[in-house]
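Q: Protein sequences appear in the order of chains B, D and S.
So the first sequence is numbered by the numbering used here: it starts at 2 and just counts up by one.
So the second sequence is numbered by the numbering used here: it starts at 792 and just counts up by one.
So the third sequence is numbered by the numbering used here: it starts at 4 and just counts up by one.
FYI, nobody ran anything at the bench for these hints, they're computed from the structure.
Each residue gets a CB set at the ideal place from its N, CA and C atoms; glycine is no exception.
Be a bit skeptical, because a hint or two may be false.
Covered stretches of chain S (chain B as the covering partner; in silico rule of three or more C-beta atoms under 8 Å from a C-beta of chain B) [said to hold, decoys possible]:
#	stretch
1	189–195
2	230–240
3	245–253
Pairs of lysine to any residue residues, derived as SDA-like cross-links and limited to a Cα-Cα distance of at most 20 Å, are as follows [to be verified]:
#	chain 1	residue 1	chain 2	residue 2
4	D	Lys1084	D	Pro1056
5	D	Lys887	S	Val350
6	S	Lys513	S	Arg566
7	B	Lys47	S	Phe244
8	B	Lys47	B	Gln169
9	S	Lys443	D	Ile850
10	D	Lys909	S	Ala184
11	D	Lys1084	S	Gly170
12	D	Lys1084	S	Lys443
13	D	Lys909	D	Arg870
14	S	Lys513	S	Ile498
15	D	Lys873	S	Gly170
16	D	Lys1084	D	Arg1019
17	D	Lys887	S	Trp158
18	B	Lys89	B	Gln169
19	B	Lys47	B	Ile35
20	S	Lys443	D	Asp1036
21	D	Lys873	S	Leu501
22	D	Lys1084	S	Gln365
Take a look at the letters that make up each chain.
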Amino acid sequence: MTTTTPQPLAEHGEAHGGHNMTGFIIFLCSESVIFLAFFSGYALLKLSALNWLPAGVEGLEWRTPLLNTVVLVSSSGTIVLAEHFKAKDKLWLFRGFWLLTMAMGSYFLYGQAVEWGGLQFGFTSGTFGGTFYLLTGFHGLHVATGILLMGLMLVKSFLPGNYVGGEQGVQATSLFWHFVDVIWIVLFLLIYVWQG
Amino acid sequence: MTPSPSPINRPAVVAVSLWVGLLIGISRWVGLQSYHWFPVQASNAAPLVDGLFSFETTIGTFVFLAVASVMAWVILRHRAEKYDASDAEPIEGNTKLEIIWTAIPFVLVMAIAVYAMKVNTSLGVLGPMEHIHLADAREQQGGYPGDRLPAESIEVVARQWSWEFRYPEAGVSSTELHLPLDQPVTFRLVSEDVLHGFYIPAFRLKQDVIPGRAINFNLTPTRIGRYRLRDSQFSGTWFAANQADVVVDSQDDYQAWLKQAAALPLQAGISDAVVEYQQRLQQTPTPGWATVKPAPPPQVNVPGSNALPHDA
Amino acid sequence: MCPDPMPFPTTPEAMTTTPSLHQDQPPLSWTRYFGFSTDAKVIGIQYIVLAFFFFLIGGFLAMIIRGELITPPADLVDRTVYNGLYTMHGTIMLFLFIFPVLNGLNNLLIPTMIGAPDMAFPRLNTAAFWLVPVFGLLLIASFFVPGGPAYSGWWSYPPVSIQNPLGNLISGQSLWLLAVALSGVSSIMGAINFVTTILRMRAPGMTLFRMPVFCWTALAAQSLQLIGLPALTGGAVMLLFDLTVGTSFYRPEGGGDPVLYQHFFWFYSHPAVYVIILPVFGVFSELFPVYSRKPLFGYVYVCLASFIIVGLGLIVWVHHMFPSGVTMWMRNLFMFTTMLIAVPTGVKVFAWLGTIWRGKLQLTTPMLFCLGGLINFVFSGITGIMLATVPIDIHVSNTYFVVGHFHYVIYGAAVMGIFAAIYHWFPKFTGRMPYEGLGKLHFVLTFIGANLNFLPMHPLGLMGMPRRVSSYDPEFAFWNVLASLGAFLLGVSIIPFLLNMISSWARGPKATHNPWNAIGLEWLLPSPPPVENFEEHVPTVISRPYGYGTGLPLVEHQAEIERQLTLQEASA
């Protein structure tokens, strides 16, 4: 508890920093409600639609997105491995797996971009187009944020003594990455699997 | 009312009982008064709604007066003397009381809710709400397309800012709603632009009109007279002026009106918004801020009026 | 304008038992209220002062609205202007007055009540505050864009809100959405901070069931923000896309559903009412014991009731949509859940009555505001039950009955409670005593004004006058004249308040550390408290709050701490 830590009150703004993880978890819980809102909006619009798919669109191709999904979900495993090596102070292995996770995330984004490029409908093509781009886009934004955070942590790992005070940055990034993965699984089920 | 049940204080019990009796009397009276706070009852829903409201007013008045009595008593009798800064006797709580004042409100509100649900059921106001293509609901100006609607219902078309009523069986359209006395009517509510509210206070009934849906809505008028229909869901600039009159006629008068109306040629119906918009255009500079342009007045057989004195 | 900081205690034991300032700290200057401070007590006052600035603007708009409505025709302002004004009145009062003023109270009270030196994330706190003037300016700026400000009401229901008559990208409506989104970001930042602070930074010995009720209600209210606000944000993002890039989430022509927006909106905006009223319940629960000199009746039940309200508050939103396009089973279900809210709320009301019963009441200004707020709240609770019953709601929804109901809740109860809190804690955070005479005048004018303004709205609604109208039929004129007179009286009532605040802060009598003889950690700090509150010397809490008349000390070494504070005051 901050109130009992005998740390010197160095700079006022940084004096009470020990609660970042609590704050971050609260933030993620709150953030998940936005996705929940989008998911329920998607389901409601789809269920009540007279014509769900825009004219000329048959449905979504799911094979390539499935491959993307496998890559993204496996990256949750590689980030766990990275953290594991971090805990054992094997910094180079940590960096390796961390970089691999970033690469897998980037591959996912690339795959998404390719998919977007080949689609027959746009953001304004009815509620189907709107919700499709809204959901995948908002999720993609989170993937990109995750990669950015990982990059930041990677740079930090080269600064001497940077992880001495704790590794909350790495933990938080990893947690965020798992969050992004779980959201994607729900999203994949909603958009690609539930096409009936 | 008294949290310390030590030796029973007879005069206090009598006084509190008398006071509660008085409050019950007053509450009952206020509950009966509440019927006068409404417009006249002109539909079969009105007595049910007013009865429920009176019931809730009675209970609500009692609760309010009881709380106010306790507060008044405390303010008058339990005030600290001047310069007395001492503490009172520390009563920290009483589990029995907590249970009582959790249970009583629970029972009360559940009773009200069950009563209300019964009223809902017996009214059966709301029919299906099918999704429709807005493009289909949007018809060209020029009278009523007789082939699209079930014959027994009246179609209500809401626009920015006018009301149009279409009688498929008679092939009549109007900007004044005519209804036969004591006959169940089914409306089919559609909107061509934004949300509107189909609200007739004398009927105690209201239903939002939603673009992209056709909503079936039932009521039975029970009193001959002229009433107001008001737009109850904010619909933009001339929302307040989007009013129409509802005329409840006897069976014979209603049929006569329909027959007469069917013979009339189509003409521009009532739209106060269009009139005010024209006046607005005359002024330079144009007053106020940007506005959506009103839809042209609907072409109807009978424009009717919305300026005659109304009963409610 | 601002009183001097605490002198440094000289006795050795003071070092271990009492809060103290760093010796080398320069005297605090009043200019800190105009900069990027990270001190929660400075931010709290910044929030409150800024909120009252916007309160004056929102109140001025209300005066114009009531001026228009004093006569039946739309004759004072153009209809387009009226619609913009009522929209901005609601928006400013909610997003720029009541939420900021409550966050101000949270900032002042949470750290001092739980013995924390500051918030968990002081810089996040600063950022959250400074977003308020940013989106406030944005909203005010929207008055001056072509076409005028947003005019679709604070609900911004589509399709009206996406009609955009001029077709510009920068319209009043798009600026409105941007401002509301920023307000959401600011509130989420605040909520994360308040919740973390309450959960992680309580004084030693302060278990959850030794925490003051205000902190309980703040925790409950901020949890609601965290759960509800993202749903509104999601819905608002979709509305912004519909408005600006032409998607059709809510656009019926493209297959969208305008009612979907209403679900998103009310999933947050009904709980938002509890975000407003819960902290005010907290204020009532703090103040009734102080001015009745008795413990809070049923402390544990009052604490728990807040969280029952949170749980129920999240499953009642459809009661705002009874006449919208929802089916009968939804109407019935949500009527029951809404009715249930009366139960935990009743527990609280009865607990306050139990608290003042057989107390030794001191009718100070804060106590008067609490009593007035309580009776207004009971009235609004009863009309609330009426609104929850579907058949009555079908008749009075979207009429002045609803306007009267929620103004009783928000002005009659919440704003009165906020005034009570300001008068009560004013000496603690400014070090000066407010004037009782002006305070009581303020109370009388507010109480009469609020009732005269908002009571006539109920008969109007029952008669069938829709809300948001710029003109009305002549049969409604009588009650509207009364309401308008009440509104002007409310406008006058703010004058003694402002006079009181400014003059007593500038030259009011100096306050001792505990002028009301209240129990609570914040009253064991000097008035005003030093920057880091207790710093390292946080007292250990050993009993429940509100031990009036029990003779039990709240913290270890309480007598010693109080003796030190008195000595400091004597030497000042």
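Q: All hints are to be evaluated individually against the structure, with a verdict given for each.
A: Hints, one by one, checked against the model:
no.: 1; hint: 189–195; result: holds (count 3)
no.: 2; hint: 230–240; result: holds (count 9)
no.: 3; hint: 245–253; result: holds (count 5)
no.: 4; hint: D:Lys1084 with D:Pro1056; result: 27 Å, violated
no.: 5; hint: D:Lys887 with S:Val350; result: 12 Å, holds
no.: 6; hint: S:Lys513 with S:Arg566; result: 18 Å, holds
no.: 7; hint: B:Lys47 with S:Phe244; result: 18 Å, holds
no.: 8; hint: B:Lys47 with B:Gln169; result: 40 Å, violated
no.: 9; hint: S:Lys443 with D:Ile850; result: 33 Å, violated
no.: 10; hint: D:Lys909 with S:Ala184; result: 42 Å, violated
no.: 11; hint: D:Lys1084 with S:Gly170; result: 13 Å, holds
no.: 12; hint: D:Lys1084 with S:Lys443; result: 51 Å, violated
no.: 13; hint: D:Lys909 with D:Arg870; result: 47 Å, violated
no.: 14; hint: S:Lys513 with S:Ile498; result: 23 Å, violated
no.: 15; hint: D:Lys873 with S:Gly170; result: 67 Å, violated
no.: 16; hint: D:Lys1084 with D:Arg1019; result: 24 Å, violated
no.: 17; hint: D:Lys887 with S:Trp158; result: 43 Å, violated
no.: 18; hint: B:Lys89 with B:Gln169; result: 16 Å, holds
no.: 19; hint: B:Lys47 with B:Ile35; result: 18 Å, holds
no.: 20; hint: S:Lys443 with D:Asp1036; result: 50 Å, violated
no.: 21; hint: D:Lys873 with S:Leu501; result: 28 Å, violated
no.: 22; hint: D:Lys1084 with S:Gln365; result: 60 Å, violated
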